[in-house]
Structures are given as structure tokens and as C-alpha cells.
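Chemist: So the protein sequences, as listed, match chains A and B.
Each residue of the first sequence is one higher than the last, beginning at 1 in this note's numbering.
Each residue of the second sequence is one higher than the last, beginning at 1001 in this note's numbering.
Source of the hints: derived by calculation from the structure; they are not laboratory data.
The model shown is predicted, which means the values in this text are computed figures rather than measured ones.
The beta carbon of each residue, even a glycine, is placed where N, CA and C say it ideally should be.
Listed below are several chain B residues computed to face chain A (Cβ distance under 7 Å; list not exhaustive): (1) P1051; (2) A1069; (3) L1071; (4) G1226; (5) T1234.
Dumping the calculated BS3-like pairs for lysine-lysine here, alpha-carbon to alpha-carbon at most 25 Å: (6) K1299/B - K1271/B; (7) K232/A - K218/A; (8) K1213/B - K69/A; (9) K1213/B - K14/A; (10) K1185/B - K1299/B; (11) K1355/B - K1332/B.
Restraint-style ranges between C-beta atoms, simulated for each label pair: (12) V1216/B - D224/A: 52 to 62 Å; (13) P154/A - M1364/B: 47 to 57 Å; (14) R1200/B - E45/A: 34 to 44 Å; (15) R262/A - Q1005/B: 25 to 35 Å; (16) K1213/B - S11/A: 27 to 37 Å; (17) G282/A - Y1341/B: 48 to 58 Å; (18) P10/A - V1204/B: 24 to 34 Å; (19) G32/A - T1008/B: 48 to 58 Å.
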Amino acid sequence: MIDAMNVEEPSIEKYLRQDRLPHIWCSGCGIGPVAGCFLRAIDREKIDADRIAVVSGIGCTGRVAGYVKLDSFHTTHGRAIPFATGLILANPDLNVVVFSGDGDLVAIGGNHLIHAARRNIDMTVICVNNFNYGMTGGQVAPTAPLEARTTTTPYGNFESPFNLPYLVSASGASYVARWTVLQIRQLEKAIAEAMTKPGFSFIEVVAPCPVVYGRMNKEPKGLDSMHYYQDKSIIQDGADPKDAGLELNGPIVVGKFVDVQRPTLWDHLREVSNRAQEKANGRAKVQRSAK
Amino acid sequence: MTENQGLTGEFFINGDVACAEGAISAGCRFFAGYPITPATEVAERMSTRLPQVGGVYIQMEDELASMNAVLGASWAGVKAMTATSGPGFSLMMENVGLGVMLETPCVLVNIQRAGPSTGLPTLVGQQDMMQARWGSHGSYEIIALAPISPQDIFDLTITAFDLSEKYRVPVLIMSDEVVGHMSEKVVMPHVAPESLLNRRRPEVPPEEYLPYKTDVGLVPPMAVAGEGYRFHVTGLTHDERGYPVMTADAQDRLIRRLVDKIRLNRGDIIKYKETQIEDADIIVCAYGITTRIAQFAVKMARDEGIRAGLLQLITVWPFAEERIRELSLQAKAFVVPEINYGQIVLEVERCAGGKARTTLVPHMGGGVHSPETILEAIREAAQ
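Using the sequences provided together with the hints, build the complete structure.
Modeler: In C-alpha cells:
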């Protein structure tokens, strides 16, 4: 019999800024487990940590950048992806990971998200979706299901939410997955796959926010959310993202939805650069021979 | 970047193109931007030139993204620039603040048009001068240069990169539509790479490196991503380690240093040019394209026997306040022509401190002053 307690777990302490602990996240919050999966994925896959750059925006998930002992950037609200775009375009050897929340990435930063997917730029985006703005006390987000209660939808949310895997896959992402924080093995594996795959990878992680969103939506404890995920998760690799929308208390389709190969932004850029340099060199040669 | 691949020789080009060539000569190898009149030609030129010299040009989805991509590229160790005009400048403001807070070398070019809002997209203005100084929220200092010709914008773009690398701050080139779109002769010298300034890099091993610990002076050495320093930087108020610290004390230490690294080095940063100042009673203080009209006006005034002189602000921010204070003891009046309804004149007035009169010669935008308008103001001031 395998003793589950003795399975060797990667050590993540070396990737943590332990002098910054304790962290600011509430008890039962889902962000910490996602950060844990990220760091275990780095260790298990032996990804070169010196080449990783973590970029976060603003919000609870935005604080991940501050706890990891990696090159890390805590930028402005919504702008993690364009900042990361500059990093990867200036140094294609970097392994750029954007770690941020749904409000940051999808509301104020939504335009950058779809354009990064369209460009198929080499980066991994980990989007912790807790359906609300936790840092500011629980306001409605563009991911909040219809009828969800938040501090700014006291009578129920009257807006339809984004279906993130559908949005990002339609925009051109090479890799799209969704997991909840209950499925940490699959999540860790997905992060490892995304970080080692060229092109734009997007992972949505459905996560509890017991102190604000959960309290208002009958999931007042982190464990309540975990029970919900256990009861309602449907693991369906290859599911059509179009059918993976989330509803209040509804099923949560999880799995790897998209995993395709297509040329990345850098593939195209290199080609164009070569063309430009050949043209410039050709012209210089003509000028020299004319003299 | 061993060899400089900037063009050399004489060219007849407009200011926008000269700006792009200045950037290439300065070692800029990354440009992110968004099309906007009258700055688009800077982007177009960069899209042609950067791939030739091993750099990257990208058109982003908006100016918010452009400014952030420039910051990201700089943190990957590459000299980076963007160019825009009024509405785009407004959109970049939040992340100019991020650049200041993270201490990120980069250059932002504003080919000014007349506003507010969409205003006169194709016509000149000098109306973002206070926005350049105060446009992002919070208390900070920034560097802004104002070129007067295509040659000048070529030269000042190189200066802008040098200053941004030396002081680790975004440097603004506050040009205008006339300078951007006029074509003149530009002489591009060979710029030796060793003549350019580069940010100081850390000399300590990663385990000893603190991103915001100063050693000599107030500008800390800068690590870049991917070299094993494993540093953290944040737009939050932070300590030497780059860690957020939410106290008034940490704020006091950080903001004083961010401001003082510019303020205490203003003698090195501030450049101005004086013409016929020695005996001048009336001093015309001008910047950008307006300087060139003011030159005529000063000459016409001299021909009439008025002792007029010209003070051209090459560096607009930080402001040449010591020099204006000195000149206010000598001159009767300052005449300040600008293509707005009064911006830099407020600074001149402040520095003159009541010792010399100050007169604004405003132009609402869409054109430049006539020399006669400025001459008339000189005559009135001389009475």
C-alpha cells in the first residue's frame, strides 16, 4: 500500500520570500494553493527559475509576485500582460508568467488579454477567478455569475459573465485549461504544461473567496467551496469552451480544453527581422559596389 | 549591442524621423506604440529601422499597453521608447508613474498637438507642458526636454536616453507638431557606443543584492530580469529590498529619494541657451518651436533699440529656477510666448518672485505666433 503521506513533495520554500510571510490572504482563500501549485510545477519540471519572470497586476492575486523568490513585478491595475509583453519581446529567453485575478485580467485588463492571445505571445497567464474584487471588499466582477450577490449587486447580479476559456480560445490561445483549487494535481500539471509550451497559455483557476464572495453566496467557509467543487466539477478534457460557461451553483466543467501548435509571435518576428536585415544588407552591398 | 548601427551623414528629414534615428543611434532597441497624429511617423520609422538593427517594434492595442511594454522591455535590459501625442499622452500617465516608482529608464516622446480632448489632431500645440510635470498622480520629479528642430530632436533623443539611464527615470521629449513635421537638414554623426550612458548594474552577488539600496549617490544599480538576481519590484511604496511597506516613514524615505535624485542633480540635468542676455532688460523665455519665432522678435526689438534677449529652455523639467531667479534681478520683465493659455509662464512668474514683471504671449494652438505678436509684447514690457 502506498503511504500517501510519504509521497515526496517538491520543496517550495526555496521559491518563497519567507521574510515576507505571513501573507495577506484571508483564511480559506484559494490564491495560496494556486501559488503552491505554480512553485511545485517549477520544481518538479526543473524549470530554470532564474529565467522566470512573474508579472502581477493589482488585487489579491496580484500579491503573488511579492511572495515568490523569482524576478517579479507588481505592476498597475490591468497592465500585467502588456508589461510582460515588453519583457518577452526584449528577451525571448525569459519564461514569463502573468499571475493575476479575474478583475485585473478580464475587466480593466481585458483588452490586453485578448490581444496577447491573438498574438500567441510566449507567456503563461494564470487567472485566479474568485468572481469578485476581493481586495476592495467584494464588488461584482465581469466573471460573477448572473444572480450572484456582491457588495455592489445586493439584489443579485444583473449582468452576464464572461466565459473565460471561450473568450481566450476564440482569441487565439494555444493552450487553455480550467481547474478548481480542489484539483491541485491536475492544476500543477497544467501549469507545468503551460510553462513549457510555446505560445500563449491560459489557465483559469476557480477559487474560493470565503470572506467576501463566499459569505454572500452560501459558501462562507473555504471548505464549503471545496465541497461545491467536489460535487459539481465535471472533468472533461477537450470540452468545447463554448459549453463551459459558469452559472451560480451550476456545474463546473474543468479540464484541458485547447492544446494546439501554431506559430508564436516570436516565430513570426524572427522571420520578419531576418527579412529586414537581408534587405538592409543587400542595399548596403549595392551602395558599396557603386562606389 | 557591440556596434552602433545608427545612420551617419546628412539627411533631409522631418522631426519625427529624426527622433527615431536619434533613438537608434542612442542604442534604443525596443519601441511599442499606437498610431496617433502627429507622432505616427516616429512609429513608422521605428518599424522599418528596428528590425534592421536587431531590435523589436510592436504596435500595441493602446497607449496604456504601449507604456507598459516599454517598461517591461527596459526591465529586460533593453533601451526602450514610445511616441505619442495629446490623447495618448493622457492614457500613458498612470504608467509614467509606475516608471517613476520602479525607477525604469525609458523615453516617452510627445509630439504635441492642440487640445483639450481630440482638439486639433494635425495642428500644433504646447499644451501638455504641465501634464508632463504633474500628469501622473503622486509627488515626483521627472525630466522633460523641448527640441526646436529636426536636428535638435535627433540630438536630444540621444540626451534623453542618456539621462534616463543615468537617473533611472522616464524622460519626456516634449516636442510639437511643427518640429515633428518640418523637414530640415539633419547631420547624424557616428555615435560611439562607449559615449552613451548605460544604467549601472549591480556589482554584488544576487544574495546580497537589494534592488533599491543606493551606494554612491541616490540612483541605485539596476538588475534586469533573467540574470539570477531574483528581485522583486512593486508600484507600492517599498523599502530597499523592494518590499512593500505601508508606513508614512517608508513613504518619506522613498519619495524624498525619488525626488531628490532629480532635484539635487538639476545642475547636471538642466540645459538652457542664452542669446543676447548680458545686457537684456527684456528677456523672452521660450521653448520648442516658439523659440525660433522668438529669435526673430528679439532681433526686431534690438533693431528698434530695445535691449531684448532670449532664454531658451532646453530642459523644461526640472525647471531652470535658479537661472530665472538670477535674471529677474537684472531684467525688467520676462516675456513668455507659448502655444497655450499660460503654463510655463506660471513657473517663470514664480521664480521671478515679483522682482521682474512677467507677461504671457498666448497662442491657443493650431499655428505658431507671428514674430510681430511677440515683438509687441516686448515693446509693451519695455515701456
